[in-house]
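From just these sequences and the hints, can you work out the full model?
4 protein chains.
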Amino acid sequence: MHRLTLAQANAMIEAAFAKGAEMGLKPLTATIHDPGGHLIACQRQDNASTLRVRLAAGKAAGALALGVSSRTVGEMALDRPHFIASIDSMDFGGMVPAAGGVIVLDEAGVIVGAIGVTGDTSDNDEACALAAIAAVGLRPAN
Amino acid sequence: MHRLTLAQANAMIEAAFAKGAEMGLKPLTATIHDPGGHLIACQRQDNASTLRVRLAAGKAAGALALGVSSRTVGEMALDRPHFIASIDSMDFGGMVPAAGGVIVLDEAGVIVGAIGVTGDTSDNDEACALAAIAAVGLRPAN
Amino acid sequence: MHRLTLAQANAMIEAAFAKGAEMGLKPLTATIHDPGGHLIACQRQDNASTLRVRLAAGKAAGALALGVSSRTVGEMALDRPHFIASIDSMDFGGMVPAAGGVIVLDEAGVIVGAIGVTGDTSDNDEACALAAIAAVGLRPAN
Amino acid sequence: MHRLTLAQANAMIEAAFAKGAEMGLKPLTATIHDPGGHLIACQRQDNASTLRVRLAAGKAAGALALGVSSRTVGEMALDRPHFIASIDSMDFGGMVPAAGGVIVLDEAGVIVGAIGVTGDTSDNDEACALAAIAAVGLRPAN
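Protein chains in written order, with our numbering: chain A, 1 to 142; chain B, 1 to 142; chain C, 1 to 142; chain D, 1 to 142.
Hints were generated in silico from the structure; no laboratory data involved. There could be a bad hint or two in this list.
What the hints assert, rightly or not - Derived, one-sided and incomplete: chain D residues facing chain A with beta-carbon distance under 8 Å: (1) 2; (2) 5; (3) 6; (4) 36; (5) 38; (6) 39; (7) 43; (8) 45; (9) 46; (10) 53; (11) 83; (12) 88; (13) 130; (14) 131.
Unchecked claim - With the C-beta cut set under 8 Å, the calculated list includes, among others, these residues of chain A facing chain B: (15) 46; (16) 49; (17) 50; (18) 54; (19) 84; (20) 89; (21) 96.
To be verified - Pairwise CB distance ranges, derived in the manner of DEER restraints: (22) D:139 to C:46: 13 to 23 Å; (23) D:142 to B:7: 21 to 31 Å; (24) C:14 to B:121: 26 to 36 Å; (25) C:108 to D:123: 53 to 63 Å; (26) C:142 to D:47: 50 to 60 Å.
None of these values were measured; they are calculated from a predicted model. Even glycine gets a Cβ: it sits at the ideal position worked out from N, Cα and C.
Right, dumping it as structure tokens:
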């Protein structure tokens, strides 16, 4: 599979946490996924609550599942709640319709994975996700 | 695991029920959980309905999952219904977004478990949960 | 519902643990259920592992589901594995096909609930369950 | 929650992978869990297959669920296949009955989490898990 390397994944998490520290955010959790939504790496900071890895993963995997950011999934959930609810019950790990899950593209525009961040406000979570992608020279999908 | 002992758990349930009797509440159910959300003890009073243990547990486990009281989870559910609904479908036992689930800290501020109470109004349920925590000399998170 | 009272349930757990202490068993967990399989009370002793309440409950609820002891469910699982596997996947909380789950009858032979015990060998678990039933003057089904 | 810190978790994964490189093993995946079975960190090496995080997590979470190593869970599965199968269907993330999942104790003997490793033979996976625990000055249960 054409995907983020583990080295890239670890660097992205480090960059997301550095952004969180710079912004003074609450304890964060970040997950990095391959294009199929499967975890490559995750880290949950001390004092982050028990479900945080699943929340971050639900943002990222949901983004990959629908091909948009989890911010857009959140907007779709407001517009068409039954549609998103129906997808959420498909057993692929759960979808979290809130900003912080972003698809990652390589230079050629090919999907190489996704990142999910949770712990602070959704907007701040997404800022850390975007910082993580930029830190390894890649770019987010729309 | 560093957690509430069974003796503490039983004393907490006894105190919750004593508070309920003092306040003249309906039949109560109380659940005590370790920091990972797993049950240590529960008691459902006579004439309490069949799902009550799961309701109390859903308050407590949801609190631990997100790191806030179930009262706050309830407020989040009003603000962002789809976000909370998406978490609820993750198979960790179910989340109940209503007051009555409270995280328990030891003297050092470390999470040692949680309590969930259900049966009367959410406000009254929470009053019993807080009385239970105070009865064993511990304190609620937040 | 005609069921064990909470006072009976608590006395049964106390008796099960007393039997375990007398026999020198490992940390035990006991669950008491109403005739519909729903929890009335449970207690997990210190140092018992995280899933123990669900294991005990799976013995008792499985016994009620099929109308036999969980020892018999275990024998059925050896004889007809696909039959028991098919039931287990029905979403009623899970069935544990091993001795330690026993249906409880009142003087008139009416089902008033069930008890599940786990923590030591299945045979020892069942001995504690039977001691608990005897301690409150009731009797096991078959 | 009294648990492995993220710094310890990352150091353990690094040590597990160093052991794997020293032994010339296939691509490995390692997961680190808190005492309740929830993920703290994970890393899946390049070319490891898609389900590997869930496999490693199923070893570690199964160990915590039953209070024994996943090697012992594997032996139980040979002796009593229906018992282990019944537990596996309880929705706590899945149990993998094969060596490589080990409970981690602190100096005082308190459970602070667990590690799961997968990718090579179960024996080699377990060797890496044990090396990881030793690398941070902690010790395995049993």
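Notebook entry, point to check: Do the Cβ positions of residue 142 (chain D) and residue 7 (chain B) conform to the proposed distance bound of 21 to 31 Å?
Noted result: Distance hint for residue 142 (chain D), residue 7 (chain B) holds at roughly 26 Å.
Check: Does residue 46 (chain A) pass the interface check with chain B, least Cβ-Cβ distance below 8 Å?
Finding: violated, 11 Å
Check: Once the shortest beta carbon distance from residue 88 (chain D) to chain A is found, is it less than 8 Å?
Finding: Violated. Min distance 15 Å.
Note to self: For the restraint on residue 39 (chain D), tell me whether the closest CB of chain A is nearer than 8 Å.
What the structure shows: At about 4 Å, which falls below the 8 Å cut-off, the nearest Cβ of chain A leaves the hint on residue 39 (chain D) intact, so it holds.
Next item on the list: Using 8 Å as the Cβ threshold, decide whether residue 43 (chain D) counts as touching chain A.
Entry: holds, 5 Å
Notebook entry, point to check: That 53 to 63 Å hint for residue 108 (chain C) and residue 123 (chain D) (C-beta), does it hold up?
Noted result: For residue 123 (chain D) against residue 108 (chain C), whose Cβ atoms are near 57 Å apart, the range 53 to 63 Å holds.
Check: Does the interface hint hold: is residue 130 (chain D) within less than 8 Å of chain A, judged Cβ to Cβ?
Finding: Because about 22 Å separates residue 130 (chain D) from the closest Cβ in chain A, which is outside the 8 Å limit, the hint is violated.
Margin query: Given a cut of 8 Å on the nearest C-beta pair, is the interface hint for residue 53 (chain D) held or broken against chain A?
Written below: holds, 4 Å
Checklist line | Supplied contact hint for residue 49 (chain A), tested at 8 Å Cβ to chain B | finding: holds, 3 Å
Item checked: residue 84 (chain A) as chain B interface residue, shortest Cβ-Cβ below 8 Å -> It holds, given that the least Cβ distance between residue 84 (chain A) and chain B is near 7 Å, below 8 Å.
Margin query: Under 8 Å is the threshold here; is the Cβ of residue 89 (chain A) close enough to any Cβ of chain B for the hint to stand?
Written below: At 6 Å from the nearest chain B Cβ, residue 89 (chain A) passes the 8 Å test, so the hint holds.
Note to self: Take the shortest C-beta to C-beta distance between residue 5 (chain D) and chain A; is it under 8 Å?
What the structure shows: Since chain A brings a Cβ to about 5 Å from residue 5 (chain D), closer than 8 Å, the hint holds.
In summary, the numbered hints that this structure violates are 1, 11, 12, 13, 14, 15.
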